[in-house]
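Here is what each chain is made of, one letter per residue.
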Amino acid sequence: MIVRPPQHWFLRLFDWHGSVLVSIVFRLSLNLLMSVIALIGYPWFATLGIHLTTAPFSLIGVSIAIFLGFRNNASYARFIEARTLWGNLHIAQRSLLRQVKSVRGLRPEQVSDFIGLQLAFSWSLKHRLRHTDAQADLQRLLPAAWQPAVLGHPMPTSQIMLCMAEWLAQRRDEGLISDIVWQSMDENLNHFSACLGGCDRLAGTPIPFAYSLILHRTVYLFCTLLPFALVADLHLMTPLVSVFISYTFLSLESLAEELEDPFGTAPNHLPLDALCISLARNLQAMNNDFPLPAPHQPDAHFNLT
Amino acid sequence: MIVRPPQHWFLRLFDWHGSVLVSIVFRLSLNLLMSVIALIGYPWFATLGIHLTTAPFSLIGVSIAIFLGFRNNASYARFIEARTLWGNLHIAQRSLLRQVKSVRGLRPEQVSDFIGLQLAFSWSLKHRLRHTDAQADLQRLLPAAWQPAVLGHPMPTSQIMLCMAEWLAQRRDEGLISDIVWQSMDENLNHFSACLGGCDRLAGTPIPFAYSLILHRTVYLFCTLLPFALVADLHLMTPLVSVFISYTFLSLESLAEELEDPFGTAPNHLPLDALCISLARNLQAMNNDFPLPAPHQPDAHFNLT
Amino acid sequence: MIVRPPQHWFLRLFDWHGSVLVSIVFRLSLNLLMSVIALIGYPWFATLGIHLTTAPFSLIGVSIAIFLGFRNNASYARFIEARTLWGNLHIAQRSLLRQVKSVRGLRPEQVSDFIGLQLAFSWSLKHRLRHTDAQADLQRLLPAAWQPAVLGHPMPTSQIMLCMAEWLAQRRDEGLISDIVWQSMDENLNHFSACLGGCDRLAGTPIPFAYSLILHRTVYLFCTLLPFALVADLHLMTPLVSVFISYTFLSLESLAEELEDPFGTAPNHLPLDALCISLARNLQAMNNDFPLPAPHQPDAHFNLT
Amino acid sequence: MIVRPPQHWFLRLFDWHGSVLVSIVFRLSLNLLMSVIALIGYPWFATLGIHLTTAPFSLIGVSIAIFLGFRNNASYARFIEARTLWGNLHIAQRSLLRQVKSVRGLRPEQVSDFIGLQLAFSWSLKHRLRHTDAQADLQRLLPAAWQPAVLGHPMPTSQIMLCMAEWLAQRRDEGLISDIVWQSMDENLNHFSACLGGCDRLAGTPIPFAYSLILHRTVYLFCTLLPFALVADLHLMTPLVSVFISYTFLSLESLAEELEDPFGTAPNHLPLDALCISLARNLQAMNNDFPLPAPHQPDAHFNLT
Amino acid sequence: MIVRPPQHWFLRLFDWHGSVLVSIVFRLSLNLLMSVIALIGYPWFATLGIHLTTAPFSLIGVSIAIFLGFRNNASYARFIEARTLWGNLHIAQRSLLRQVKSVRGLRPEQVSDFIGLQLAFSWSLKHRLRHTDAQADLQRLLPAAWQPAVLGHPMPTSQIMLCMAEWLAQRRDEGLISDIVWQSMDENLNHFSACLGGCDRLAGTPIPFAYSLILHRTVYLFCTLLPFALVADLHLMTPLVSVFISYTFLSLESLAEELEDPFGTAPNHLPLDALCISLARNLQAMNNDFPLPAPHQPDAHFNLT
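Chains as they are written, first to last, in the numbering used here: chain P, 1 to 305; chain F, 1001 to 1305; chain W, 2001 to 2305; chain S, 3001 to 3305; chain A, 4001 to 4305.
These aren't lab readings, by the way, just hints derived from the structure by calculation. Remember, predicted model here, so these are calculated numbers, not experimental data. Don't take every hint at face value.
[Said to hold, decoys possible] A few chain S residues facing chain A, derived, Cβ under 10 Å: (1) 3087; (2) 3091; (3) 3220; (4) 3224; (5) 3226; (6) 3244; (7) 3258; (8) 3285.
Positions of the beta carbon are idealized from the N, C-alpha and C atoms, including for glycine.
All chains should be modelled from the sequences, with the hints used to inform the complete structure.
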């Protein structure tokens, strides 16, 4: 039931995965140029001592494909882990709100305050991961009583977590929740902490740079030399086949690089804006707090941010 | 002990995996057509400057197979995760009912009500994931007392979870369950939340579109060019071998696309209807609530929905 | 320290992995036949327009090997998960018995009753997974007081779990275990539930049928065509090499199909009988309940069931 | 910071991985012999109808490499899981001792007794996994009061776990630990149970025998036929290349077989002796129980047992 | 949002991944030398009986690439696990501090003391993993009251964990935290234990030495023989292609060896210094303990330690 963009598939061929295509279109043109050079220069190859055959390029090409397969897998695993961490945040937030709402004797504004803290947590996490300014969103979402502790603090995200812990402690002080109930809720706060820590880890520790660089280099060198190896067999077909093979390797290498950093704003990154709004819709609906904010809409290129 | 469809294997060859075969039969015909064109046009290839040999196609074919292997793995992992989430829901529901049934002093209709809420949860989740209307099932399953809070609400699934939490809180108010026992039951409600959140995550976040598209394109282009590369060696055998190779790549690519979205109603999707009924049978049997609903039956093509 | 069968390795070559060899021996003979046909017909190939070379078969063979590698991995993961679930059942049963045995004031027959319930749970799970009749084992193992609730019930396994929960609740009623201690024990009952649910999931959801079928077909077609491609190069060596290559592909494909369904009684399936008896030995030894039942013995072919 | 053996790398080439090299050296010699036979017999090949080329051997070789890669992965995963289970035992033992040491009012000899039980647990597990006699170690480590319950019992490992549970129950009886504190400690005992159960599972369930055997056979047959395929191209170079390729396949296949059973005493198995002593050092140091036992030393071949 | 080094990409080509390039530059030169020898000696090859073709090298090259792919995966998994363990330490430390800060009636210096213990734990773990001297950092970080128990002790890391447990027990004695609250905090101490145990496991158990050595040897032998196989086809192009292929294999093999041991101080190892300081910044900020220590800065080569 995944909602695919409604526009015609054909029209999107040259538009959709913007960043990947944009980032490799220059390299593909270069590859085309090399093919033409190879074609034109072919008659002089023997004189120049240039003997390149497909056999060694099969060996290195398949080897690079194997390494690239594993590396793509590693990048994709980062993307999936990032999404799962945000999913776990959704789960913990819904569970915690469910627990809060079954407490007897709470005033409605106390519940609203708590929802405000939860929302501020996810928005501040989004800003932290994208290195953007959280101030406006925090002012909008944070209940007045909790603003002084958070606004202007260098690490608002963990500060908001402390506020939620304090909110729970106050209810415990008021005798509304027992130690046992507090324990169950505190366990869900641990999950907030796990999500924050996990996202920090992914954002702060890329795939070892040497790993990316070795494959980046070998893919580029492979694509550059390829036309010279193909030209003896393929003559005029060289540009077509060479660009085709290069497209496969370059686009997958480029996508791997993009997925490696899932918290950016490129088309294949996680739509953190949409996730934050979806979370707000869920929590407000659980509190019958209508109207819900409108779902985040994809842009003209059908990309969510 | 997996129950395979009883019909003769041979008869099902052209019937069973409907969607996959249907979705590639057009492409396979196109491939056949290209083979015939390659066969007929072969005498003029040299004149036209068309020189395609198998060597570069081996290189690109094996590379695509490697990438496709990893991508299929990723799609299959989504299918397995979706099934595991529903399995976890079964586990949590049975555990929670076991806990409820060992509470002293509950009236039978209270237990039935709770079972009703549990069943409504799974049916509403099914409708949510398939974007179908939950109204009829909810009216059938929900106990009367809980209908007002759920029917007509934009997010019935999490609303039912709140109802279950409220049911527990009421029993706690009545003194039937202590805080400790409540904690153990609430822990199982967290698992409901995890299942809901996990399914939402899978349904809402496809494999990055660029990943699918790059492989989709390269597989198609590969199959289109293949006959022209094979014809020099294979002559009249070209159509046979070309369609064989294309079938392998196209069908696996197509299956990967199908498994990627496990909550649909195609033959290789999860049989959510059957899972919901199986759950109902389990819970009712635990409550000696006979007769059980009949197990969901596969359709004429041996597919469960 | 894995106990390998003591018989001479050479003698077992044609005996041991019965099912796999039996299931492919017909296909291997067919492949041999095709090789002979290819050999005999070779002189007429040119006339008949049959031109098959190894190059495209290398491409498709390696591609199939890649897909088969991933698919075998998926089957093996199912086998491992099934074994781990049964291992987790052992762990939960030993943990729960440890907790029960450290309760003060229990009468010895109460402990024996509880062990009887635990054993009945694993045997009834075995029968459920193999679709065999649990009646005799249940009558043998279940304590008299608990038989009415289980015997004749359509789902004895979850019924026994309810009995264990009831046993715990009775001890809580008697004041022998506090809510906290009950909570720790109940947590282990959740693990029983998880094991039951996990096994149900594996038994009820095969690898998507299309996945198996696509590879099944391509492997068979590949092996059928292979001799015709090899004969030009290998002449009299064709049968040897063709059967060798076919053996590798067909036996691994066949094993994957066998491992996919780990709860059967074929040689490479899980030895559920042996696991149930091992569990009984463990629990009885913990209760100093000698003599222990004899360990399950492998059959004449060194296979455990 | 992994401590590699200090001896010169070159000297260890023929010594270090004893078991692997020893187990394949006979097969490598056989391969060398086949190469020589192929070399000598080559002039008569045509007459004998022997036509073997590298192309089909590339196909089968790469296919076997793929299957072997997955199978090695599975063996390695068993090794890692075994090590992780022992690591988890370390973790649980340290956590449990930390909890015990923060109990008020314990007598020092009670703590020493408990440490004795913990150490006896790991040593008895080691003996269980290696099928060696635990008697001497148990007499050395077990506190006198607990010896009657364990010595001579057919399953000392789970018996010791019962003793630890009894120790906790006695402290609970004495009023030194509350039910809540008992619960936290009992949770760590569950981890002991999980470690014992996990190791039993690995030791008792090898990789399905057919899986090992299929690859074992195909690797051996491949290496045997290889020289006959290489000799036409490589002439005098046949022995070198053939032994090189065979070394790669045979040694990895042999290592996979070794890693599959991580609890043995071969060089690539887990050093259970060293792990037990390391555990003793950790626990005694936490109790300021000096002098600590000396760390286990590698043997003359730099292997730990 | 991963911060890549700002210096120009081109300038860093010969500088950045220091260790990997340095460790293979000698081998690459050797490979270049072999290429030149092969080129010069080529005319005499036939006389010397040297016949090496690319076909068998394709077979062995692709096979090695497959094995290397899996082995790199295993090394990378160790790197990721090490990072995740440190991430989990961050999570547990933040969660525990959150719990401590919501306790009523604590004096500020008690909280500071506890933070000091937490920081000392991570620094002492870092020193333990790198085999460096922890004394100076422990004196700087440990509160005076806890220094006697830790300084001079042979295992300061687990000693600090005992101190934290003792701190919690003292607060329990003072009546500030109930058993339930203690339980929640103690659960987070278990996570400290898990992190310590996990890191010890990774540091103490390398990938089985035979696994590394087999691939190390085969990669080296493959690269050494390669030029002799390529020269017949490539003539003057031999050095270029041979060094290119060797670079791919040698650099990935070398990186795998580096990643295998994630706790060192080479460029692709974990930046434990930076992680410790980041942890300090987080904990101090949660306690409004300004100014925060400055973030750790990369060195002139943009490497963090």
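Verification of the supplied hints:
no.: 1; hint: 3087; result: holds, 4 Å
no.: 2; hint: 3091; result: holds, 4 Å
no.: 3; hint: 3220; result: violated, 16 Å
no.: 4; hint: 3224; result: violated, 16 Å
no.: 5; hint: 3226; result: holds, 9 Å
no.: 6; hint: 3244; result: holds, 6 Å
no.: 7; hint: 3258; result: holds, 8 Å
no.: 8; hint: 3285; result: holds, 5 Å
Violated hints for the displayed structure, listed by number in ascending order: 3 and 4.
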